[in-house]
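Chains A and B, in that order, give the protein sequences.
Going by my numbering, the letters in the first sequence line up with residues 1 to 379, in that order.
Going by my numbering, the letters in the second sequence line up with residues 1 to 465, in that order.
Don't read these hints as lab results, they were simulated from the structure.
Accuracy of the hints is not assured; some may be wrong.
Cβ-Cβ distance ranges computed for the label pairs, FRET-style [claimed, not checked]: (1) A:Leu210 with B:Arg106: 55 to 63 Å; (2) A:Arg110 with B:Arg142: 38 to 46 Å; (3) A:Ala232 with B:Asp337: 51 to 59 Å; (4) A:Leu210 with B:His100: 36 to 44 Å; (5) A:Glu113 with B:Lys287: 52 to 60 Å; (6) A:Thr145 with B:Arg142: 43 to 51 Å; (7) B:Arg142 with A:Lys377: 53 to 61 Å; (8) B:Phe4 with A:Lys295: 46 to 54 Å; (9) B:Gln355 with A:Lys377: 51 to 59 Å; (10) A:Leu210 with B:Arg142: 53 to 61 Å; (11) A:Leu121 with B:Pro40: 40 to 48 Å.
Since this is a predicted model, take the numbers as computed values, not measurements.
Even for Gly, the Cβ is constructed at its ideal location relative to N, Cα and C.
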Amino acid sequence: MEGINRPPAPASATGPESEATIEARRQMEICNACRYCEGYCAVFPAMTLRREFSTGDLTHLANLCHSCKGCYHACQYAPPHPFGINIPQTFATIRAESYAEYAWPQGMGRAFERNGTLVSLAAFLSVTLVLLLTMALQDPAILYTAQTGTGAFFRVIPYWLMVGMASLSFGYALFAMGMGAVRYWRGTAPGAGQKPITVAPVAEAAVDILTLRNLGGGGHGCNDLDDSFAQARRHLHHAMFYGFMMCFAATSVGAFYHHVMGWKSPHAFFSLPVQLGTWGGVLLCIGTAGLLWVKTVTDPGPVAKRLLGGEYAMLALLFLISVTGLLLLAIRHTGAMGVMLAIHLGLVLAFFLVMPYSKMVHGVYRGLALLRNAQEKRK
Amino acid sequence: MVDFTRLWDVLVVGGGNAALSAAITAARAGASVIVAEHAPKAMRGGNSRHTRNLRALHPKPTDVLTESYLEEEYWDDLLRVTGGRTDEALARMCIRASEHAPGFLRDCGVVFQPSLSGTLSLSRTNAFFLGGGKALVNALYRTAEKLGITILYDTEVQHIAIEEGFAREAIVSWRGFPQRIRAKAVIASAGGFQANREWLREYWGDAADNFQIRGTPYAQGRVLRDMLASGVQEVGDPTQFHAVANDARAPMADGGLAMRLDCVPFSIVVNKDVERFYDEGEDVWPKRYAIWGRLIAQQRDQRAFAITDSQALHNYLPSVFPPMKADSIAELAVMLDLDPVKLERVVAEYNAAVQPGTFHGNKLDDCRTEGLAIPKSHWARRIDQPPFYGHPLAPGITFTFLGVKVNDRARVMMADGKPSGNIFASGEIMAGNILGQGYLAGFGMTIGTVFGRIAGEEAAKIGRN
């Protein structure tokens, strides 16, 4: 008993738990006796509701973590202290493991192993595919000549193809992510005695998502780069998030115009879909470029380096989608429009295809974790 | 590259809250300041790294402190814990100045939080640092860097050459290389000697080998001993220290706050001879936690064992190391390496002495024993609901009380009764001026901040002339 200078191995480490899960349990047991970080984010108050940490608990806490790194820089036990507490890094690893575990279909979980390569490859292949299809299906002359007036885009890529591929790929992504969400919710359930979901926790979780409250560090910001506080990551993420949503809205409004109002694209610059798409694209550009920059210059201490590939690849893909979208707007009356459209749509297709097997799923699980947390607080 | 030929206005020895409060204040007053921190950058900040709050006077509620906490109550609290072993003028000055300590720290980028769960209900008297002491230390260093203060890590001050009460220069080991730093004024904020086991052995003998050092292993007391040897006046009882009940399985140094155990009021505590030795329920834990380290230090092999049952498990914060768990007292005794027959008897005697009452975990309740030689005055419930739990305890030392004598301007006093010409002190190295014994939660950080600011101010005056 005496002379044991390290925290003990957890009691239930016999199951098929990952190393990261066992490590996270060890760390949480130290954190739960310390509790200095309780003011930083939702993770630590949620931790104090527990004395023991099941695999599901740890997955839940890991997905609740926004990786603001406040707890790492404030930690009296962070490396090189022998306790080696590094919650952001350990939780990031568990998050990635949970993305793989709850992916649908199950075998696709392996897609998270070399995610950067997968996303890059998907982007490359689908751009190639769309370019080739366009060449094969259309008269090459159309591809290289300026197309103007109603239906210009569809003369480059036929309407049926564009809508067909988009709905199929996006529909699949939504379905796969929905299945993942259901499996995650069951897998991280704290057991019997769960209260039914009511309006209040849903509203709280929605506000948490829409404001990224947990990246506010209680008002003064997070440790974006080092032990100084800033709100850069929160603002950049939400430039990206709202930019993405505006682009999505632009597409929806466009579809509404097409099908209900009978107004065909391209629309005028000051029309609602083009305005939404333009400013959404600008925000998306700024957000993704900024996040790429933050990721590059941040203190690597609390970062799970193994996961960086997939994160860089997804940010780069979103950046390229927004840039090609904006370029498309700029050159849509010239002969370059055809190729630009094909590249842009190829990237969008890749995005839809890899969505359920990429960093994008963090939105689903984070949202569910925030919901569970809001529910738990009301018990 | 550091210019070791330069004459600095102010040299600050140490790198915790007391040191940086002094350095920042001096730099803001226009002095050129160099800080010599013994630890490497990752372990900087002395014991401040492990702290969580400071005790501050406030006439009305603030955003981080509730109700009010006035001078007389603060003074009464101090008087009670020190048993009168304090310097009233110095203590009252510190108490009054504590009102402005949170504001000063906030100006240095420190963020405070409203207190939550694990805080021993101190939100009325103590302001909590968001993220704890390391976050505070980070903010102070960041501020110091912005002010252009030169910070040397891995730099141990080994000797301060003092002639007739006047510091001429400091001999340092800078990243392992001998160097000298010349400054017009010196502020000693290098902590106590609690991490120096050899020195502790001088007073405690072999028992010192079983003391866990809760905080920084860099508190070797080298500057303190050097100054006392150079004619600086001593203050405080060298055998006294602040110590708490730690988990016996904690590391021997740097285990920090999370190693402490709060189970004592909800347990019975026996020593290796399976005898209870003190009233576990004498008073609420925030007022008693600081005496238990010393109580355990006086037991055989500096060990004690808190025995409790499943009923009490959720009355105290979880421990990092899980307690020993058994279905019978005898089994538990075997796991703890105690005499099972004797432990069964002690528990049975205790259970028989427990009087009926209504249990309240957070206040003085009427659950007590009757007829025991050593009573348990509150929270006494029968230990009869298995599984039974046992936490092994050891003394965890926070800091020592031996220090250098200072006056109300933080100026170090020489043995001949005259104030030093240019040496000041702040923090644990002079806390013994006010804390003759006992401790008030968060008061160490208050002393560090208050005397750090005064020392910085006074040293800057000398430096600029």
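Is it true that Leu210 of chain A and Arg142 of chain B lie within 53 to 61 Å of each other by Cβ? 31 Å, violated
Pairwise beta carbon distance, Gln355 of chain B to Lys377 of chain A, judged against the given window 51 to 59 Å: 39 Å, violated
Within 55 to 63 Å or not, the Cβ separation of Leu210 of chain A and Arg106 of chain B? Given about 30 Å between the Cβ atoms, the range is violated.
Could you check the hint for me, namely that Arg142 of chain B and Lys377 of chain A are 53 to 61 Å apart, CB to CB? 33 Å, violated
Holds or violated: 36 to 44 Å for the Cβ distance of Leu210 of chain A and His100 of chain B? Check passed, 40 Å falls within 36 to 44 Å.
For the pair Thr145 of chain A and Arg142 of chain B, does the Cβ-Cβ distance stay inside 43 to 51 Å? Violated - the Cβ-Cβ distance for Thr145 of chain A and Arg142 of chain B, about 60 Å, lies outside 43 to 51 Å.
Honestly, do Arg110 of chain A and Arg142 of chain B meet the 38 to 46 Å range at C-beta? The hint (38 to 46 Å, Cβ to Cβ) holds, given that Arg110 of chain A and Arg142 of chain B are roughly 44 Å apart.
Can you tell me whether the CB distance of Ala232 of chain A to Asp337 of chain B sits inside 51 to 59 Å? 55 Å, holds
Range hint 52 to 60 Å: satisfied by the CB atoms of Glu113 of chain A and Lys287 of chain B? 56 Å, holds
Starting from the range 40 to 48 Å, see whether the pair Leu121 of chain A and Pro40 of chain B falls in it by beta-carbon distance. 44 Å, holds
Using the beta carbons of Phe4 of chain B and Lys295 of chain A, state whether their distance is inside 46 to 54 Å or not. 40 Å, violated
Violation of the numbered hints given earlier is confined to hints 1, 6, 7, 8, 9 and 10; the remaining hints are satisfied by the structure.
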